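If you read the sequence shown in this note's numbering, its first letter stands for residue 59, the second for the next number, and so on.
Incorrect hints may have been included.
Calculated lysine to any residue pairs in the SDA-like style (CA-CA distance at most 25 Å, straight line) [to be verified]:
(1) Lys282 to Leu333
(2) Lys359 to Gly113
(3) Lys124 to Gly153
(4) Lys298 to Gln273
(5) Lys244 to Glu177
(6) Lys239 to Ser123
(7) Lys270 to Asp218
(8) Lys195 to Phe235
(9) Lys219 to Glu175
(10) Lys194 to Thr280
(11) Lys90 to Tyr170
Hints were generated in silico from the structure; no laboratory data involved.
Computed from a predicted structure; not experimentally measured.
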Amino acid sequence: MKKILIACCLLVQTAFLAAQSSDPVYFFSYFKGNGEDGLHLAYSYDGYSWTALRGDSSFLKPTVSKDKLMRDPCIVRGPDGTYHMVWTVSWNERGIGYASSTDLVHWSEQQYIPVMEHEPTARNCWAPEIFYDARKKEYMIYWATTIPGRFSNGDTAGDDKYNHRMYYVTTKDFKTFTPTKLLYDKDFNVIDATIQQNGKQYVMFLKDETRKPPQKNLRVATSKNLTAGYSSPSAPITGKYWAEGPTVIKINGNWIVYFDKYTEHKYGAVQSPDLQHWTDISDKVSFPKGTRHGTVFTITKEEFARLNP
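Full structure from sequences and hints, please.
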């Protein structure tokens with residue numbers, strides 16, 4: 059009987075250690091200041107309390123575009139384990155930045171992807187993101203651009219006459235890309251979209267960028283198709299503060315949307331079990347001072363140990 063009890067205890071301990079080992083470490087890619095010093099990374103074991111890596115110094119300095127900025131870094135891991143990152147390279151150029159890595163430390167040569175160069179009057183390419191489409195085995199890159207006069211509704215309602223809509227391309231190798239197409243237009247100024255899959259549905263979290271009258275809040279749209287057919291936006295899921303740069307993860311059955319409370323110079327979050335009812339949990343999250351518009355993703359504890367010995 060004693061041997062059986064010892065064996066059972068060992069099995070329980072082994073199962074516990076295996077579960078501990080398989081628990082993810084939450085990672086957050088972000089920028090500071092104007093994005094001039096590049097990529098910053100933070101980690102968390104619970105998704106609420108975040109700690110900067112490397113003393114909050116840069117992991118990758120930007121080299122592409124005339125402005126050489128690295129704002130809004132979005133990192134997604136592909137099925138082969140490679141991390142792919144896109145970012146805003148400039149306030150007023152018609153392309154985005156791209157680099158890849160297998161360990162988040164050593165990065166490929168940075169590329170400038172001219173996603174809107176075919177639109178000579180386009181003012182910008184802001185806050186690009188990546189979604190991996192497992193069904194088609196390809197990546198979708200999407201971002202916000204203003205093309206003056208293209209959409210009359212909202213032309214006078216934004217900041218400095220910016221009137222953004224969401225656009226996208228797809229790629230299998232980050233070398234060749236499909237022609238740029240419109241992703242989201244519901245007759246208002248929209249920016250900072252990020253997409254999550256929820257079963258057979260795609261959920262787009264977005265910012266209503268309308269300045270007059272002021273919105274500056276986050277909303278949700280849904281579609282059965284990744285690249286088209288998104289609904290009109292929901293009511294705001296954030297409060298009476300200005301919010302931008304949503305990024306989303308599901309932890310213990312709850313959807314958590316982190317966002318930049320940029321006028322208050324801090325980060326906030328809202329939480330929902332069903333994407334319908336939202337609770338502000340900003341007082342429960344903490345981020346490194348100066349964190350700006352980032353993206354949440356996960357790595358394993360083994361990967362984290364190699365990254366942070």
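Outcome of the hint check:
no.	hint	verdict
1	Lys282 to Leu333	holds, 16 Å
2	Lys359 to Gly113	holds, 20 Å
3	Lys124 to Gly153	holds, 11 Å
4	Lys298 to Gln273	holds, 9 Å
5	Lys244 to Glu177	holds, 21 Å
6	Lys239 to Ser123	holds, 23 Å
7	Lys270 to Asp218	holds, 11 Å
8	Lys195 to Phe235	holds, 14 Å
9	Lys219 to Glu175	holds, 20 Å
10	Lys194 to Thr280	holds, 19 Å
11	Lys90 to Tyr170	holds, 21 Å
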